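Based on the hints, put chains C, W and E in the right spot on chain S.
Number of protein chains: 4
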Amino acid sequence: MCRWLAYSGSPLFLEDLLYKPEHSLIDQSLHARLGVETTNGDGFGVAWYAEEPFPAVYKGVDPAWNDRNLRELSRHIRSPLIFAHIRASTGTPVQQSNCHPFRHGRWLWMHNGQIARFHDLKRELSLAIHPSLYADIEGSTDTEVFFFLALTFGLEDDPPAAVERAVGFIESVARANRVEEPVRMSVALSNGDAIWAFRYSTVGEPPSLYFSTKVETLRQTYPDVEVFKTLAAESRLVVSEPLGSRKGAWNEMPRSHYGVIQPGQDALRPFIPRE
Amino acid sequence: MCRWLAYSGSPLFLEDLLYKPEHSLIDQSLHARLGVETTNGDGFGVAWYAEEPFPAVYKGVDPAWNDRNLRELSRHIRSPLIFAHIRASTGTPVQQSNCHPFRHGRWLWMHNGQIARFHDLKRELSLAIHPSLYADIEGSTDTEVFFFLALTFGLEDDPPAAVERAVGFIESVARANRVEEPVRMSVALSNGDAIWAFRYSTVGEPPSLYFSTKVETLRQTYPDVEVFKTLAAESRLVVSEPLGSRKGAWNEMPRSHYGVIQPGQDALRPFIPRE
Amino acid sequence: MCRWLAYSGSPLFLEDLLYKPEHSLIDQSLHARLGVETTNGDGFGVAWYAEEPFPAVYKGVDPAWNDRNLRELSRHIRSPLIFAHIRASTGTPVQQSNCHPFRHGRWLWMHNGQIARFHDLKRELSLAIHPSLYADIEGSTDTEVFFFLALTFGLEDDPPAAVERAVGFIESVARANRVEEPVRMSVALSNGDAIWAFRYSTVGEPPSLYFSTKVETLRQTYPDVEVFKTLAAESRLVVSEPLGSRKGAWNEMPRSHYGVIQPGQDALRPFIPRE
Amino acid sequence: MCRWLAYSGSPLFLEDLLYKPEHSLIDQSLHARLGVETTNGDGFGVAWYAEEPFPAVYKGVDPAWNDRNLRELSRHIRSPLIFAHIRASTGTPVQQSNCHPFRHGRWLWMHNGQIARFHDLKRELSLAIHPSLYADIEGSTDTEVFFFLALTFGLEDDPPAAVERAVGFIESVARANRVEEPVRMSVALSNGDAIWAFRYSTVGEPPSLYFSTKVETLRQTYPDVEVFKTLAAESRLVVSEPLGSRKGAWNEMPRSHYGVIQPGQDALRPFIPRE
Chain S
1 MCRWLAYSGS
11 PLFLEDLLYK
21 PEHSLIDQSL
31 HARLGVETTN
41 GDGFGVAWYA
51 EEPFPAVYKG
61 VDPAWNDRNL
71 RELSRHIRSP
81 LIFAHIRAST
91 GTPVQQSNCH
101 PFRHGRWLWM
111 HNGQIARFHD
121 LKRELSLAIH
131 PSLYADIEGS
141 TDTEVFFFLA
151 LTFGLEDDPP
161 AAVERAVGFI
171 ESVARANRVE
181 EPVRMSVALS
191 NGDAIWAFRY
201 STVGEPPSLY
211 FSTKVETLRQ
221 TYPDVEVFKT
231 LAAESRLVVS
241 EPLGSRKGAW
251 NEMPRSHYGV
261 IQPGQDALRP
271 FIPRE
Chain C
1001 MCRWLAYSGS
1011 PLFLEDLLYK
1021 PEHSLIDQSL
1031 HARLGVETTN
1041 GDGFGVAWYA
1051 EEPFPAVYKG
1061 VDPAWNDRNL
1071 RELSRHIRSP
1081 LIFAHIRAST
1091 GTPVQQSNCH
1101 PFRHGRWLWM
1111 HNGQIARFHD
1121 LKRELSLAIH
1131 PSLYADIEGS
1141 TDTEVFFFLA
1151 LTFGLEDDPP
1161 AAVERAVGFI
1171 ESVARANRVE
1181 EPVRMSVALS
1191 NGDAIWAFRY
1201 STVGEPPSLY
1211 FSTKVETLRQ
1221 TYPDVEVFKT
1231 LAAESRLVVS
1241 EPLGSRKGAW
1251 NEMPRSHYGV
1261 IQPGQDALRP
1271 FIPRE
Chain W
2001 MCRWLAYSGS
2011 PLFLEDLLYK
2021 PEHSLIDQSL
2031 HARLGVETTN
2041 GDGFGVAWYA
2051 EEPFPAVYKG
2061 VDPAWNDRNL
2071 RELSRHIRSP
2081 LIFAHIRAST
2091 GTPVQQSNCH
2101 PFRHGRWLWM
2111 HNGQIARFHD
2121 LKRELSLAIH
2131 PSLYADIEGS
2141 TDTEVFFFLA
2151 LTFGLEDDPP
2161 AAVERAVGFI
2171 ESVARANRVE
2181 EPVRMSVALS
2191 NGDAIWAFRY
2201 STVGEPPSLY
2211 FSTKVETLRQ
2221 TYPDVEVFKT
2231 LAAESRLVVS
2241 EPLGSRKGAW
2251 NEMPRSHYGV
2261 IQPGQDALRP
2271 FIPRE
Chain E
3001 MCRWLAYSGS
3011 PLFLEDLLYK
3021 PEHSLIDQSL
3031 HARLGVETTN
3041 GDGFGVAWYA
3051 EEPFPAVYKG
3061 VDPAWNDRNL
3071 RELSRHIRSP
3081 LIFAHIRAST
3091 GTPVQQSNCH
3101 PFRHGRWLWM
3111 HNGQIARFHD
3121 LKRELSLAIH
3131 PSLYADIEGS
3141 TDTEVFFFLA
3151 LTFGLEDDPP
3161 AAVERAVGFI
3171 ESVARANRVE
3181 EPVRMSVALS
3191 NGDAIWAFRY
3201 STVGEPPSLY
3211 FSTKVETLRQ
3221 TYPDVEVFKT
3231 LAAESRLVVS
3241 EPLGSRKGAW
3251 NEMPRSHYGV
3261 IQPGQDALRP
3271 FIPRE
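These protein sequences, in sequence, are chains S, C, W and E. Residue 1 is where the first sequence starts when you use my numbering, and the numbers rise one by one after that. Residue 1001 is where the second sequence starts when you use my numbering, and the numbers rise one by one after that. Residue 2001 is where the third sequence starts when you use my numbering, and the numbers rise one by one after that. Residue 3001 is where the fourth sequence starts when you use my numbering, and the numbers rise one by one after that.
Derived from the structure by calculation, the hints contain no laboratory data. None of these values were measured; they are calculated from a predicted model. Just so you know, not all the hints are guaranteed correct.
[Said to hold, decoys possible] If you want the ones that stay clear, here's a sample from chain C, every Cβ over 12 Å from chain E, calculated:
hint : residue
1    : GLU1051
2    : PHE1118
3    : GLU1124
4    : TYR1134
5    : VAL1203
[To be verified] If you anchor each label on the Cβ, the simulated ranges turn out as follows:
hint : chain 1 : residue 1 : chain 2 : residue 2 : range
6    : E       : GLU3252   : W       : ALA2232   : 51 to 61 Å
7    : S       : ARG274    : W       : PHE2054   : 41 to 51 Å
8    : E       : GLU3156   : S       : PRO11     : 29 to 39 Å
9    : E       : GLU3226   : W       : VAL2203   : 49 to 59 Å
10   : W       : GLU2234   : E       : GLY3204   : 48 to 58 Å
11   : W       : ARG2175   : E       : GLU3052   : 53 to 63 Å
12   : E       : PRO3053   : S       : GLU216    : 32 to 42 Å
Ideal Cβ placement from N, Cα and C applies to all residues, glycine included.
Same shape as in the complex, but just chain S:
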């Protein structure tokens, strides 16, 4: 059970998102409130888009709260589109190649949740990955296989459809192997222009997922948070867990839905796995 955060809007220093909020992601790495695991100390990753089309990624295998380089970089790196993830391993090794966000070309992918009994399904799922992509798998997580399946199913052309097909495929393989409740997920992905955020579970309640309300409301709810005062109106945060406890600032993403954060009008649409 990991924690993540995705941001799009006025350029912010990483520090403003990762360290300054009341219940920041770094604070969540030590004391998460929602979810099964309260400690997310099994590595972390941040990624951001800057001048180039390809995002930068910085990953560490120590707990995020201990990483001096992360604290340091956070004060100096500013970006209009930021991903951050803190990991609580479900058993796979703590190594950079298992840390989110994963990247492929311009694309970033991060995940909270799991594919149930992944060890039993891993081979069959991996064989479905496009042969041209297979050898680029570097780690051993369910998340990376999930990402490569979505790439195989056309992520770069139609992200929501590709994720729906990947989930449909995982569910059908799971069914054939009598794995129940195969998918629990909150996924974020981006190409640098838009962010897509998905919340879904085959059965039962998916992992928590929230998006920020209008910047105007954020400002009124957190009058003491300096950085909110200068945000452009369409700035938006999506988070596993609210960054503070005040009501009105966060909307829960409905289950079996995904949101698109993009220039112009954001969107919220149903998410329906396809076989």
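This is chains C, W and E only, laid out in the frame that chain S set:
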């Protein structure tokens, strides 16, 4: 607020102490119950005496719960005298040279607690370290300075007296610098023959410290713990926090006291800082 | 181009093999003399058999010459059958799951050399791994896939035949993909009872491989090496690179051969890949 | 024997300095040509000034050639004033607090060389550090003590004078302790506006140090290096070892001298330790 464990008795695999008990030290690294910090993920160390007079030390900067080498070594290393420590940093860097146990020759030293406002007292305390020892300081913790002060005050000749003089000295330097409540400590030290364990606080309640009851009682209280069945009668554990929740198995060390675990009769004596 | 060492004989401290010889493995990690790469600083691993049938493994991602824990453990761990490996990555990440020796049950496997254009062959080779083994792959190296192929082809029943079949299979896949000179290898494997060491190359000269002469000759050649004085007569070392420069102490393993080091009579036999 | 590089001029991506040149600093980490040690794999650090007056610092304990984050950040971080350092430890632990560049407020400091028999002089040198600075020492290197001595002697007001006084003091302490040839150094320091680079040795030849010739000459000498084409005329590099082998591009810093790289006219002046 760290956690530690010291064991003397029939040779045990590290695994029996670190992983197998209900509320083991590794479990405490993720979920401590007593003390201020519930996560002790800022490095760890284990040390053991084997065939040689000098103990072996293994330290890591990752959280103990993630260290595969620790798990591996624990299954293969067996010793009659074991120290283990999991760290929750109070601000100094997470680096091996700041991990306990500290070693000097045959001696091991580990600590839970802190010297208040250590940053303000550090220079004056460090200058009192014997010149022949000063340059061997490798890290930046209060614990290492405390150890080197105790060595300066004769640890190798009379351990309790040296610790009493070190604490007395720290308290007098603190008083001169108007630092209140300077010392809170539970300390373990050993030379391979005996273990000394101290519990003390200048003011208020010291950090928690427990020692195991007779092996016979341990066996009755934990009939399901295989390893207790084969322990010699004088085997003994000292711990920051009980390894399980059942009553009768653990005695609290009284405050301002120290215990000596040694071949023959153990001892419990008052601890009185000396200037 | 890695470096490795395998030892069987009178129980030795790791230190005697890893640190004390003139041109020790640790020295080779900084300054190898044979082979393409002179620095082998991309992680390391040691493994040893002790009281249990399953070997212990200790791995690190820092250069072996810097690992304080390795130096420490080497002084305290003694074993009659030891593997050690220092890695020079050919591109895959420096993470513990990519460090040799690899282990499966009682078996250890380590490798110097490479499968040419592994990235292009990886998928086809991986699909041939037995489905019950596939999901246990943790890293991304050619060596681990090679090991799992050998396991698939019966390593636990007939090690030389299984390696011959694995190499034959790799060569046939390579041929179909127009990869020339696919295999260059010096491989060591053990089950705790015997050591098998292979030297082979599809084309041209395989990586260097040497085995020690009779202990009596070692003693005469290195009269100053204390540890050789107490070795039992059938003690034997196999190494990528001699541990010292004196003549007479080391025999080169002939190409396309493998040696078996076992209680009783050692053996040297031709190695012929099978399809 | 470490290696370092300091750059001031038109904003460059770190990559242009660290990875792209023929004999880049990253290449030097594996294969240095000048100096005693050919491998500089004991940690590294980079620092740069960006929008803020305080520089950013990124340090690692793995070899620079292996650090994926460094490669990644290098493609995305651009600065007009960059320091980079790769370390070959002379015995002190490989930990971030021992990696250069060291920082104090706006100031950066990095060093190649050593204080002879530092272990014997450490206490006396450390006691001379201003009491307000003493407790901020985090590591155990001679370089950090040297930096804190220079700060004590007025680095922030008159950098060359402070370094001359620090060296004079070290030499006088060394003399009193009968340490011969105490100082060998090439030091770089900056406050974000200028770079000072020192080359000095009490006795004999100091560590190598070079500065780049006029940008115009660099362009002619390395017509294939893309980045030189766009550099402003007053851009300047100072390096332990030339980044390529062509003549005419690099001037050796004369011994017992220091250079100042600053807006306007650079300067080269004698360096004379003061007591």
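Output the indices of the hints that this structure fails to meet, ascending. 2, 3, 4 and 9
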